[in-house]
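My request is simple: use the sequences and hints to build the entire structure.
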Amino acid sequence: GEDVEQSLFLSVREGDSSVINCTYTDSSSTYLYWYKQEPGAGLQLLTYIFSNMDMKQDQRLTVLLNKKDKHLSLRIADTQTGDSAIYFCAENPLSGGYQKVTFGTGTKLQVIP
Amino acid sequence: KAGVTQTPRYLIKTRGQQVTLSCSPISGHRSVSWYQQTPGQGLQFLFEYFSETQRNKGNFPGRFSGRQFSNSRSEMNVSTLELGDSALYLCASSLGSGRPYEQYFGPGTRLTVT
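Protein sequences, first through last, are from chains C and V.
Residue numbers in the first sequence follow this note's numbering, run continuously in steps of one, and reach 317 at the last position.
Residue numbers in the second sequence follow this note's numbering, run continuously in steps of one, and reach 234 at the last position.
Calculated from the structure, these hints are not laboratory results.
On a predicted model such as this, the values are computed, not experimentally measured, just so you know.
Incorrect hints may have been included.
[Unchecked claim] Quick list of simulated restraints, FRET-style, between CB atoms:
| hint | chain 1 | residue 1 | chain 2 | residue 2 | range |
| --- | --- | --- | --- | --- | --- |
| 1 | V | Pro-181 | C | Ser-233 | 46 to 56 Å |
| 2 | C | Lys-272 | V | Leu-203 | 37 to 47 Å |
| 3 | V | Glu-202 | C | Phe-254 | 14 to 24 Å |
| 4 | V | Thr-232 | C | Met-259 | 21 to 31 Å |
| 5 | C | Phe-254 | V | Thr-125 | 48 to 58 Å |
| 6 | V | Arg-129 | C | Leu-212 | 21 to 31 Å |
| 7 | C | Gln-261 | V | Gly-136 | 32 to 42 Å |
| 8 | V | Phe-189 | C | Ser-221 | 28 to 38 Å |
| 9 | V | Gly-204 | C | Asp-207 | 18 to 28 Å |
| 10 | V | Leu-215 | C | Asn-256 | 19 to 29 Å |
| 11 | V | Thr-140 | C | Arg-279 | 35 to 45 Å |
[What the hints assert, rightly or not] Covered by chain C, per the in silico footprint, the following chain V stretches (three or more residues, Cβ under 8 Å):
| hint | region |
| --- | --- |
| 12 | 159 to 169 |
| 13 | 186 to 194 |
| 14 | 223 to 230 |
[Unchecked claim] Calculated lysine-lysine pairs in the DSSO-like style (CA-CA distance at most 30 Å, straight line):
| hint | chain 1 | residue 1 | chain 2 | residue 2 |
| --- | --- | --- | --- | --- |
| 15 | V | Lys-133 | C | Lys-272 |
| 16 | C | Lys-274 | V | Lys-177 |
| 17 | C | Lys-271 | V | Lys-177 |
| 18 | C | Lys-274 | C | Lys-312 |
The C-beta atom is built at its ideal place from N, Cα and C for all residues, glycine as well.
Dropping the structure here:
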């Protein structure tokens, strides 16, 4: 079955880059997502990548995928205090006839001014 | 385009009671998924409805049920509430077909069981 793991906490200084890591276990072709959750709010989809890609960049966000190690990372450049939130990675494999999304435990990002 | 709305936002219930939560998806979206979020268990998938049919279900007891109406609005019901049901309940809407499967989440309903 699918299992998605993340470290629980990351602290960075404002202006530095943040790197949030995630590992997944499904061996099928899969979509991988990054979501952001601010306090008291639902999840906001930030970006996604398909498992045949190595990298995807979207403004300050860079997603890197190491397929061999099943390791996914989200890099946030020039981290701001507004980036403080919980970040979830999620996996949606293509196998099976239905959409099944498994979320990681979430990484709490603290940005120090 | 209006986002996903959930009502009520906050709810306090007593053990043994039942509760109904509502979710209105983004216009044009036919899929609604429900998740339970707790500090201990994280985000856990409850079920997904597509075109009024449940097409996917997580590992929750039968006390948790749901339905979807012809306008894609969905409700979930929890009967015989237990203290452990205290959680943030999130719904997410999507087009429901094809990939990538982009889900858009509502703000959640915070349920407290006393």
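Hints, verified against the model:
1. Restraint check, V:Pro-181 to C:Ser-233: a C-beta distance of roughly 33 Å breaks the suggested window 46 to 56 Å.
2. For the hinted restraint 37 to 47 Å between C:Lys-272 and V:Leu-203, the CB-CB distance of approximately 44 Å keeps it satisfied.
3. In this structure, V:Glu-202 and C:Phe-254 break the distance hint of 14 to 24 Å, their C-beta atoms being roughly 40 Å apart.
4. Restraint check, V:Thr-232 to C:Met-259: a C-beta distance of roughly 43 Å breaks the suggested window 21 to 31 Å.
5. Between C:Phe-254 and V:Thr-125 the beta carbon distance is about 30 Å. The supplied range of 48 to 58 Å is therefore violated.
6. Look at V:Arg-129 against C:Leu-212: about 27 Å separates their beta carbons, and that is inside 21 to 31 Å.
7. Between C:Gln-261 and V:Gly-136 the CB atoms are about 52 Å apart, so this pair departs from the stated range of 32 to 42 Å.
8. About 46 Å separates the C-beta atoms of V:Phe-189 and C:Ser-221, a value inconsistent with the hinted range of 28 to 38 Å.
9. The beta-carbon spacing between V:Gly-204 and C:Asp-207, approximately 23 Å, falls within the hinted interval of 18 to 28 Å.
10. At roughly 22 Å, the beta carbons of V:Leu-215 and C:Asn-256 sit within the given window of 19 to 29 Å.
11. A beta carbon spacing of about 42 Å between V:Thr-140 and C:Arg-279 agrees with the range 35 to 45 Å that was offered as a hint.
12. Only residues whose beta carbon comes within less than 8 Å of a beta carbon in chain C count, and the region 159 to 169 of chain V has 4; three or more means the coverage holds.
13. Coverage of the region 186 to 194 of chain V by chain C is violated [criterion: at least 3 residues with CB-CB distance below 8 Å; count 0].
14. Counting residues of the region 223 to 230 of chain V whose C-beta lies closer than 8 Å to any C-beta of chain C gives 6; at least three are required, and the coverage claim holds.
15. With a CA separation close to 48 Å, the supplied pair V:Lys-133 and C:Lys-272 exceeds the 30 Å bound.
16. About 26 Å separates the Cα atoms of C:Lys-274 and V:Lys-177, which keeps this hinted pair within 30 Å; it holds.
17. Taking the CA atoms of C:Lys-271 and V:Lys-177, the gap is about 29 Å. The hint holds against a cut of 30 Å.
18. Only pairs whose Cα atoms come within 30 Å are accepted, and C:Lys-274 paired with C:Lys-312 is accepted, the gap being roughly 21 Å.
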